[in-house]
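Asks: Sequence:
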Amino acid sequence: MIETKAVVRAMLLCIAIAFTSGCYTYRPADSVRPGMEVRARLKTEAAVRRSEGLDDALRYFDGRVVNNSDGDLVLDILVARSQTAFENIVIRDTIRLSSGEIEQILQRKLSTGRTVFATAAVIAGGVLLVKGIEAAAGGSDTDPPGNGNQSSVVPVFSVTPSAGRWLFRFVQW
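Numbering (the numbering used here), first residue to last: -11 to 161.
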């Protein structure tokens, strides 16, 4: 029999993973305010001009709105990200897009239905995993004590605090 604490820990880990990773979608933005997470889709001519020297055309920019005035949209965008065991390096840039370059502005929003479904799937997977390990390792609550048929369950895996911190950093990446 697997301890109740182990089942609870496994469930909490599954829930933590599910809630730290949300499912997002992009929807047309009615108005754009500083601080909003948006995707600016460029017109074809602007995409070709801004993609000079690159193999693929940059059709859109994802970023946080810094300013939206005078017909220009100023975005803070992610340029590069690198993560090693010792440091996390993020390189960002601020770009200015004129209204003549922008075909459409989409707002990034949390997709509640997809997130709930993904969370439920992760939790169900965790429960099935724990139940599968319990079935493979043997043991149950129905074995009468003292019949000489004692079984011991050895944990197949365990998560140490340092491994949990590593997993949490990996999930955020």
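Because the hints were derived from the structure by calculation, they are not lab data.
The beta carbon of each residue, even a glycine, is placed where N, CA and C say it ideally should be.
A portion of the hints provided could be inaccurate.
[Stated by the list, open to error] With a Cα cut of at most 25 Å, we get these calculated DMTMM-like pairs of lysine to aspartate or glutamate:
1. Lys97 with Asp81
2. Lys31 with Asp50
3. Lys31 with Asp60
[Stated by the list, open to error] FRET-style restraints, in silico, Cβ to Cβ:
4. Arg(-3) with Leu42: 44 to 50 Å
5. Ala124 with Asn76: 36 to 42 Å
6. Arg80 with Leu117: 23 to 29 Å
7. Pro16 with Ser86: 32 to 38 Å
8. Arg37 with Ala109: 18 to 24 Å
9. Thr32 with Arg(-3): 50 to 56 Å
10. Thr13 with Leu66: 15 to 21 Å
11. Asp81 with Thr13: 23 to 29 Å
12. Ala124 with Gly41: 52 to 58 Å
13. Ile121 with Thr82: 48 to 54 Å
14. Leu66 with Glu33: 21 to 27 Å
Asks: Run every hint past the structure and note whether it holds.
Replies: Hint by hint, here is what the structure shows:
1. Annotation: proposed proximity of Lys97 to Asp81 holds, straight-line Cα distance about 22 Å (limit 25 Å).
2. Proximity of Lys31 to Asp50 is assessed by CA-CA distance (about 15 Å); at most 25 Å being required, the pair is judged to hold.
3. Straight-line distance between C-alpha atoms of Lys31 and Asp60 comes to about 15 Å, which keeps the hinted pair within the 25 Å bound.
4. A hinted range of 44 to 50 Å holds for the C-beta pair Arg(-3) and Leu42, which are about 47 Å apart.
5. Range check, Ala124 to Asn76: about 38 Å between beta-carbon atoms, so the 36 to 42 Å window is met.
6. In this structure, Arg80 and Leu117 break the distance hint of 23 to 29 Å, their C-beta atoms being roughly 38 Å apart.
7. Separated by about 19 Å at the C-beta atoms, Pro16 and Ser86 break the suggested range of 32 to 38 Å.
8. Distance hint check for Arg37 and Ala109: the Cβ-Cβ separation is about 43 Å, which falls outside the suggested range of 18 to 24 Å.
9. Separated by about 53 Å at the C-beta atoms, Thr32 and Arg(-3) satisfy the suggested range of 50 to 56 Å.
10. A hinted range of 15 to 21 Å holds for the C-beta pair Thr13 and Leu66, which are about 19 Å apart.
11. Between Asp81 and Thr13 the C-beta distance comes to about 25 Å, which sits within the given range of 23 to 29 Å.
12. Here the CB-CB span from Ala124 to Gly41 is close to 56 Å, well matched to the stated 52 to 58 Å.
13. For Ile121 paired with Thr82, a C-beta distance near 50 Å keeps the hint of 48 to 54 Å intact.
14. A beta carbon spacing of about 24 Å between Leu66 and Glu33 agrees with the range 21 to 27 Å that was offered as a hint.
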